[in-house]
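Q: With these hints in hand, go ahead and build the complete structure from the sequences.
One letter stands for each residue in the lines below.
Number of protein chains: 2
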Amino acid sequence: MSLDETARKPHDLLAAHLAVEMEAVNLLIRERMASEHAPRIPQVTAHLVEAGGKRLRPMLTLAAARLCGYGGPFHVHLAATVEFIHTATLLHDDVVDESERRRGRPTANLLWDNKSSVLVGDYLFARSFQLMTETGNMRVMGILANASATIAEGEVLQLTAAQDLATDEGIYLKVVRGKTAALFSAATEVGGVIAGAAEPQVRALHDYGDALGIAFQIVDDLLDYGGTDAVIGKNTGDDFRERKLTLPVIKAVAKADAEERAFWQRVIEKGDQREGDLAHAVALMARHGAMEAARQEALAWAEKARAVLAILPDDPIRDMLRDLAAYVVARIS
Amino acid sequence: MSLDETARKPHDLLAAHLAVEMEAVNLLIRERMASEHAPRIPQVTAHLVEAGGKRLRPMLTLAAARLCGYGGPFHVHLAATVEFIHTATLLHDDVVDESERRRGRPTANLLWDNKSSVLVGDYLFARSFQLMTETGNMRVMGILANASATIAEGEVLQLTAAQDLATDEGIYLKVVRGKTAALFSAATEVGGVIAGAAEPQVRALHDYGDALGIAFQIVDDLLDYGGTDAVIGKNTGDDFRERKLTLPVIKAVAKADAEERAFWQRVIEKGDQREGDLAHAVALMARHGAMEAARQEALAWAEKARAVLAILPDDPIRDMLRDLAAYVVARIS
Numbered sequence: 001m002s003l004d005e006t007a008r009k010p011h012d013l014l015a016a017h018l019a020v021e022m023e024a025v026n027l028l029i030r031e032r033m034a035s036e037h038a039p040r041i042p043q044v045t046a047h048l049v050e051a052g053g054k055r056l057r058p059m060l061t062l063a064a065a066r067l068c069g070y071g072g073p074f075h076v077h078l079a080a081t082v083e084f085i086h087t088a089t090l091l092h093d094d095v096v097d098e099s100e101r102r103r104g105r106p107t108a109n110l111l112w113d114n115k116s117s118v119l120v121g122d123y124l125f126a127r128s129f130q131l132m133t134e135t136g137n138m139r140v141m142g143i144l145a146n147a148s149a150t151i152a153e154g155e156v157l158q159l160t161a162a163q164d165l166a167t168d169e170g171i172y173l174k175v176v177r178g179k180t181a182a183l184f185s186a187a188t189e190v191g192g193v194i195a196g197a198a199e200p201q202v203r204a205l206h207d208y209g210d211a212l213g214i215a216f217q218i219v220d221d222l223l224d225y226g227g228t229d230a231v232i233g234k235n236t237g238d239d240f241r242e243r244k245l246t247l248p249v250i251k252a253v254a255k256a257d258a259e260e261r262a263f264w265q266r267v268i269e270k271g272d273q274r275e276g277d278l279a280h281a282v283a284l285m286a287r288h289g290a291m292e293a294a295r296q297e298a299l300a301w302a303e304k305a306r307a308v309l310a311i312l313p314d315d316p317i318r319d320m321l322r323d324l325a326a327y328v329v330a331r332i333s
Numbered sequence: 001m002s003l004d005e006t007a008r009k010p011h012d013l014l015a016a017h018l019a020v021e022m023e024a025v026n027l028l029i030r031e032r033m034a035s036e037h038a039p040r041i042p043q044v045t046a047h048l049v050e051a052g053g054k055r056l057r058p059m060l061t062l063a064a065a066r067l068c069g070y071g072g073p074f075h076v077h078l079a080a081t082v083e084f085i086h087t088a089t090l091l092h093d094d095v096v097d098e099s100e101r102r103r104g105r106p107t108a109n110l111l112w113d114n115k116s117s118v119l120v121g122d123y124l125f126a127r128s129f130q131l132m133t134e135t136g137n138m139r140v141m142g143i144l145a146n147a148s149a150t151i152a153e154g155e156v157l158q159l160t161a162a163q164d165l166a167t168d169e170g171i172y173l174k175v176v177r178g179k180t181a182a183l184f185s186a187a188t189e190v191g192g193v194i195a196g197a198a199e200p201q202v203r204a205l206h207d208y209g210d211a212l213g214i215a216f217q218i219v220d221d222l223l224d225y226g227g228t229d230a231v232i233g234k235n236t237g238d239d240f241r242e243r244k245l246t247l248p249v250i251k252a253v254a255k256a257d258a259e260e261r262a263f264w265q266r267v268i269e270k271g272d273q274r275e276g277d278l279a280h281a282v283a284l285m286a287r288h289g290a291m292e293a294a295r296q297e298a299l300a301w302a303e304k305a306r307a308v309l310a311i312l313p314d315d316p317i318r319d320m321l322r323d324l325a326a327y328v329v330a331r332i333s
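Line order of the protein sequences matches chains A and B. Residue numbering for the first sequence follows this note's numbering, beginning at 1 and increasing consecutively. Residue numbering for the second sequence follows this note's numbering, beginning at 1 and increasing consecutively.
Misleading hints may appear alongside valid ones.
Short derived list, chain A residues pointing at chain B, Cβ under 8 Å [to be verified]:
hint : residue
1    : Val96
2    : Lys115
3    : Val118
4    : Arg127
5    : Gln130
6    : Thr133
7    : Gly142
8    : Glu153
9    : Val156
10   : Leu157
11   : Thr160
Restricting the straight-line Cα-Cα distance to at most 30 Å, the calculated cross-link-like pairs of lysine-lysine (DSBU-like) are [what the hints assert, rightly or not]:
hint : chain 1 : residue 1 : chain 2 : residue 2
12   : B       : Lys270    : A       : Lys115
13   : A       : Lys244    : A       : Lys115
14   : A       : Lys54     : A       : Lys9
15   : B       : Lys270    : B       : Lys244
16   : A       : Lys115    : B       : Lys244
17   : B       : Lys54     : A       : Lys115
18   : B       : Lys54     : B       : Lys304
19   : A       : Lys304    : A       : Lys255
20   : B       : Lys9      : B       : Lys304
Restraint ranges, calculated between C-beta atoms of paired labels, are given here [what the hints assert, rightly or not]:
hint : chain 1 : residue 1 : chain 2 : residue 2 : range
21   : B       : Ala258    : A       : Gln163    : 57 to 65 Å
22   : B       : Gly53     : A       : Ala46     : 30 to 38 Å
23   : A       : Glu23     : B       : Asp277    : 50 to 58 Å
24   : B       : Tyr327    : A       : Asp238    : 52 to 60 Å
25   : B       : Ala254    : A       : Gln43     : 26 to 34 Å
26   : A       : Glu275    : B       : Gly53     : 49 to 57 Å
27   : B       : Leu111    : A       : Ala34     : 34 to 42 Å
28   : B       : Gly69     : A       : Ala300    : 52 to 60 Å
29   : B       : Pro39     : A       : Glu275    : 35 to 43 Å
30   : A       : Glu169    : B       : Pro39     : 13 to 21 Å
31   : B       : Pro73     : A       : Ala198    : 50 to 58 Å
32   : A       : Asn146    : B       : Pro316    : 33 to 41 Å
33   : B       : Gly136    : A       : Ile311    : 28 to 36 Å
34   : A       : Ala34     : B       : Asp272    : 31 to 39 Å
Keep in mind that the hints were calculated from the coordinates and are not lab data. Just so it is clear, the structure is predicted and the values come from calculations on it, not from any experiment. Quick reminder that beta carbons are idealized off the backbone N, C-alpha and C, glycines included.
A: As structure tokens, then:
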């Protein structure tokens, strides 16, 4: 595949630019998800990794390594590692959330069972650690081990913070780093480390992934309430029904008067939701400027992601990474 | 604590001999299971790690390192790593098996929920990888990553092999290595590696852990059917009720005539179990010498464990490890 005019999204441009290496990543993933003895493992894994995910995280690793001039083979291992960690967390998330659909298909826990999802997830975690040890680079192993711990800690925090109106923006940020940003930032950072980039560049790559992940998640939160138009579309309201403390809700709760607080307690803490409650929630968020404030934060994180790339080499990949940050927030701009 | 006459079991002798280092392991475990943000993590972990488990696996790591003359600090990290991996697998096992009791107490999945057990298990896996990276020793990381993959693969294999009469002794051995022996052998092997032991000694330590783990598991299988006396005690029959293909059952099925095979199909594959079936199963195993054959295998593995230690230094720890192998099979000798 070559760069062409039909590929306009930054993600597609990156995929085209890194096509040869992405193919190597896909081959390695397919090779390492095999199990001679337990065919259930590749069945469950293939169901998820071949469901047409965007492979955004491994692509970030490849892009960071290439941008820093890496010429060796191990960015492919690290990209596959990142995708395995991501896939393992998806398998476990779907068990924890009792999800029934992912990427438009039934989840593995529904097609097989929770047991298979838990154990195959564990297998992929272990495989990811095997893959990273093959790089022989102790520092990337520390970064990815730390990211794995942050992910799990964020998930547990989300579990205990959900439905709790005391959840503030500090906790929200920790949850978001666990859910999304920790693996984004590890993905970009290890690309720089394996390439032997200078410390300020490695730090910039980490910060890019972190900011990109946070912007991505805040946009997700906003779209679940209809974006900034406050128009309730067919896919809105999932977070509300699941009583999640997302950023616009946290901001609205912080400014709530007694009556509004009683409303949030009823719908979020008690889970007693009635017809019209979602629209009322959106109206309260609009009244306090919560949607707009969250939107401004997403834009600021995206801008930070773009800005930190300044010290990295002037290269088409850098432009694509910048455009990716802009693209992530384009839907709420 | 010092060695004294009241500590007669090899396990207690080892614990007394390694008391100072075991205390360091316990401190490190308590330090690393903390989570600033998610108190649920230390709660769930403490429930399990402070429930009075024997700490056999970390003790094997300490013993192997000391036996090979190690004077550094990292065997403590490796011992804590091994215990974290073990604890993570227990948390996930109890979810997969829907267990309600472990070590005489309600399981974490019962006290909290499956979600917490899955996510805290993931956290402990990640923490175990952080701990091992601190050793800076790439080889021990590879060994422990491989062991983690073998454990997860064995668990998935057990899931698909359960209730399937086609399960043969080859599959059984793979399941047992995953369930038990892989972590035992990794625990002893990394002790030798961190001590810089010669290759034949490292190999012997691996083989000791492997053989010890397999003997341990076969004994467990036998005791679940009342040991070699074929006396059904109060704790027998759990494996039968759970329709597990353990070694004595596999051996009896292999020699079954048509009528016996129909019995096994009914009770194991279909799960249609009636009064008197357990006693009949034990009688069939006795008729074909299945219990005795499994007993001989356990004794042979224990003997192998004792024998491979010959090339290790003549030291009280070596005697204790030998006695431990004998002790594991003493209940069926």
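Q: Has the given pair, Lys54 of chain A with Lys9 of chain A, been kept, meaning a C-alpha gap of at most 30 Å?
A: Holds, at about 12 Å.
Q: Using Cβ atoms only, decide whether Leu157 of chain A comes closer than 8 Å to chain B, and label the hint accordingly.
A: Leu157 of chain A check passes; min Cβ-Cβ to chain B is 4 Å, inside 8 Å.
Q: Under 8 Å, Cβ to Cβ, is where Gly142 of chain A needs to be relative to chain B, so tell me if that hint holds or is violated.
A: holds (5 Å)
Q: Under the criterion that the straight-line Cα-Cα distance not exceed 30 Å, is the pair Lys270 of chain B, Lys115 of chain A satisfied?
A: holds (20 Å)
Q: Quick check on the hint: Gln130 of chain A CB to chain B CB, less than 8 Å?
A: holds (4 Å)
Q: Can the hint on Lys115 of chain A be confirmed by a CB-to-CB distance to chain B that is less than 8 Å?
A: Nearest chain B Cβ about 4 Å off; hint holds.
Q: Quick one, are Lys54 of chain B and Lys115 of chain A close enough, alpha carbons at most 30 Å?
A: Holds: Lys54 of chain B and Lys115 of chain A sit about 27 Å apart, inside 30 Å.
Q: Please check whether Ala34 of chain A and Asp272 of chain B have a Cβ separation lying inside 31 to 39 Å.
A: For Asp272 of chain B against Ala34 of chain A, whose Cβ atoms are near 36 Å apart, the range 31 to 39 Å holds.
Q: Keeping to a limit of 30 Å between CA atoms, is the pair of Lys9 of chain B and Lys304 of chain B held or broken?
A: holds (20 Å)
Q: For the pair Glu275 of chain A and Gly53 of chain B, does the Cβ-Cβ distance stay inside 49 to 57 Å?
A: holds (52 Å)
Q: Would the stated hint for Val96 of chain A survive a check requiring a Cβ distance to chain B of less than 8 Å?
A: holds (4 Å)
Q: Are Gly136 of chain B and Ile311 of chain A spaced within 28 to 36 Å by their CB atoms?
A: holds (30 Å)
Violation of the numbered hints given earlier is confined to hint 31; every other hint is satisfied by the structure.
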